[in-house]
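Sequences and hints are given; from them, build the entire structure.
The opening position of the sequence shown corresponds to residue 1066 in my numbering, with each subsequent residue numbered one higher.
The reader is advised that the hints may include incorrect statements.
Computed beta-carbon distance windows for the label pairs [what the hints assert, rightly or not]:
(1) K1087 with M1066: 19 to 29 Å
(2) C1099 with E1069: 42 to 52 Å
(3) L1075 with S1097: 25 to 35 Å
(4) V1100 with M1066: 41 to 51 Å
(5) M1066 with C1099: 39 to 49 Å
(6) E1070 with G1102: 41 to 51 Å
(7) E1094 with I1068: 38 to 48 Å
(8) I1089 with I1068: 30 to 40 Å
These are calculated hints, taken from the structure and not from any lab test. Where a beta carbon is used, it is the ideal one built from N, C-alpha and C, also for glycine.
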Amino acid sequence: MTIEERIAYLETMDKVRDRKIKEIQVAVEELSGCVNGGINHESNDSNE
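Take a look at the structure:
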């Protein structure tokens, strides 16, 4: 692999990594919305 090929490969891997990071960030935001919006934080333990 020549220097130029190596540089092109690394640049491609950087783009792939950045895209994966963006996908993970979106997934985390969606999960946060589900967790925050889908769970009732009030306790209903009335065993008194």
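Evaluation of the provided hints:
1. K1087 with M1066: 19 to 29 Å: Holds - the Cβ-Cβ distance for K1087 and M1066, about 28 Å, lies within 19 to 29 Å.
2. C1099 with E1069: 42 to 52 Å: holds (46 Å)
3. L1075 with S1097: 25 to 35 Å: holds (32 Å)
4. V1100 with M1066: 41 to 51 Å: holds (45 Å)
5. M1066 with C1099: 39 to 49 Å: holds (44 Å)
6. E1070 with G1102: 41 to 51 Å: holds (48 Å)
7. E1094 with I1068: 38 to 48 Å: holds (39 Å)
8. I1089 with I1068: 30 to 40 Å: holds (31 Å)
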